[in-house]
Amino acid sequence: MKAYISVFKLRLTYGLQYRTAALAGVATQFFWGFIIIMVFEAFYSGTTTPPPISLKQLITYVWLQQAFLSFVMLWFRDNELFGLITTGNIAYELCRPSGIYGLWYAKLIAQRLSSAILKSIPVLIVAFFLPEPYRMPLPEDPAAFVLFIVALLLGLLMIVALSMLMYISVFVTLSPAGSLLMFGVIGEFLAGMVIPVPLMPSWLQNIVYVLPFRWTADFPFRVYSGHIAKEEALIGIGVQLVWFVVLVGLGRLAMAKALRRVVVNGG
Amino acid sequence: MRLFGKYILIMFKSQTQYLTSFWLLSLGQFFVPFSVFAGLYFMFERFGQIEGWNFQEVALCFSIIHMSFAISECFARGFDSFSTLVVNGDFDRLLVRPRSTVLQVLGSKFEFSRVGRLLQSVIILTWALSELTIEWTLLKTITLIFMILSGVFVFSGIFILAATMCFWTVQGLEIANIFTDGGREMAQYPLSIYKKWVTRFFTFVIPFGSVNYLPLLYLLDRTSGNELLYMISPIAGILFILPCLIVWNIGVRHYRSTGS
Chain X
10 MKAYISVFKL
20 RLTYGLQYRT
30 AALAGVATQF
40 FWGFIIIMVF
50 EAFYSGTTTP
60 PPISLKQLIT
70 YVWLQQAFLS
80 FVMLWFRDNE
90 LFGLITTGNI
100 AYELCRPSGI
110 YGLWYAKLIA
120 QRLSSAILKS
130 IPVLIVAFFL
140 PEPYRMPLPE
150 DPAAFVLFIV
160 ALLLGLLMIV
170 ALSMLMYISV
180 FVTLSPAGSL
190 LMFGVIGEFL
200 AGMVIPVPLM
210 PSWLQNIVYV
220 LPFRWTADFP
230 FRVYSGHIAK
240 EEALIGIGVQ
250 LVWFVVLVGL
260 GRLAMAKALR
270 RVVVNGG
Chain P
1001 MRLFGKYILI
1011 MFKSQTQYLT
1021 SFWLLSLGQF
1031 FVPFSVFAGL
1041 YFMFERFGQI
1051 EGWNFQEVAL
1061 CFSIIHMSFA
1071 ISECFARGFD
1081 SFSTLVVNGD
1091 FDRLLVRPRS
1101 TVLQVLGSKF
1111 EFSRVGRLLQ
1121 SVIILTWALS
1131 ELTIEWTLLK
1141 TITLIFMILS
1151 GVFVFSGIFI
1161 LAATMCFWTV
1171 QGLEIANIFT
1181 DGGREMAQYP
1191 LSIYKKWVTR
1201 FFTFVIPFGS
1211 VNYLPLLYLL
1221 DRTSGNELLY
1231 MISPIAGILF
1241 ILPCLIVWNI
1251 GVRHYRSTGS
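Here the protein sequences come in this chain order: X and P. Reminder that position 227 of the first sequence reads as 236 in this note's numbering, one-by-one numbering, no gaps. Reminder that position 258 of the second sequence reads as 1258 in this note's numbering, one-by-one numbering, no gaps.
Keep in mind that the hints were calculated from the coordinates and are not lab data. Note that this is a predicted model, so its numbers are computed, not measured. Even glycine gets a Cβ: it sits at the ideal position worked out from N, Cα and C. It is possible that part of the hints are untrue.
Said to hold, decoys possible - Sample of chain X residues at the chain P side, in silico, Cβ under 8 angstroms: (1) F40; (2) W41; (3) I44; (4) M47; (5) V48; (6) F52; (7) S54; (8) G55; (9) T56; (10) L190; (11) M191; (12) F198; (13) V203; (14) I204; (15) M209.
Claimed, not checked - Pair ranges (Cβ atoms, derived): (16) R1097/P to C104/X: 40 to 48 angstroms; (17) R270/X to K1195/P: 50 to 58 angstroms; (18) K1006/P to V248/X: 56 to 64 angstroms.
Pulled out of the complex, with its shape left as it was, chain X reads as follows (with noise of 0.2 angstroms):
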């Protein structure tokens, strides 16, 4: 445990200097979030029935979208890690002492965290003080605010252990551009990364419930801006933790078995 609290740390760390190119990452983020909110904007101006999220939500969940961009992305992607397994210096991992999933895992998680800490916290700050109707609401209270947090890093922790089970399958493929661009694609539009959850058909909303991709992005935060009720949220929480043991599980298992299976070859 020790040494993967220490990858953790040397990652987040090493991940915290990259001040200046996060910075250029959150004038990105913020034309982003002024584009998507001009068209739902348009787009509701002319609706005579109510749709199901308002606009203030929804701007909530852009903003949150564009700060933790960095938490539920699936193609955020660590070439290091494919370079190992491609060019057979997985061999040097190998011969560590400590489990190779766990140590991957803690590196993956700081990379996204320390990406996250840098442009989360000058996004919102901003957008608490933008103009109306721009401006990102504070939570509905407290106890939303707390779980939300908590649904966040969840998130989090399923998110990154999603995006292990990507790596290992580059064991089988050794190729990761094609299907992992796909894999991407099809993920966050199902975490709601392409249009809200909320204002999706009913149909792809039955088969985005049943998928892990929503536990990511679309629950933590419709939980901040109150669309998920706080009972509910508590629910949600847990089916998250179900996620994220089945995940991991699932990710050792298949880890386990492409290592069983992996031939290095000299050089």
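Assemble the complex: chain X is given as a structure, and chain P must be docked to it using the hints.
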């Protein structure tokens, strides 16, 4: 121009060496804008229209900008990875050759897997055109072709500008994505749905508006006033490349090798 053709041929051969990987990547590229388009479809299914524009009209707008983007990504990608050329000093090599730097950087990389993206927008364009009742005249056909071409020039211009920044910063900046990816996302809707400042910026500074919004009004017979102005507006997009090339040349003159 012949040299450019050769560059393309070599790149094409090298990228199709790993055929399965190439097709998978192309398929993946097909799905990227497809998911965005699916999102668009679901939004229209729920709301019906956006500021007076219906789904087919927006689909036309969408396919034109995505097509331009796919083409320019296919060919102008060399500028996108330009920072690596500068960092490892390979740019010095290009400078001593007796050809223009623009051509050589263009020739340094092509992404043929963007065929997937292109195919996707061709399908949507065909569908949108078959759904819309446009009275086609020769002028309208030419305008449509010019719209796509104009978009290619605007995106390529932005790629060049972004690459030029490398002369000063060495590293590429993520901020350029605002104008490439962001510009594409923004211009997939008719510009009129945005706030004034966005519309103005993307008409007069970076002419996305003249790529598809203004000529779109002409195609759909929604113009008010002089039709000719709407029709020729894609030319502004093509002219956009000129200042970009000038800035590029200033950058090349300013260039100091990193010494590696």
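Hints the structure fails to honour:
none
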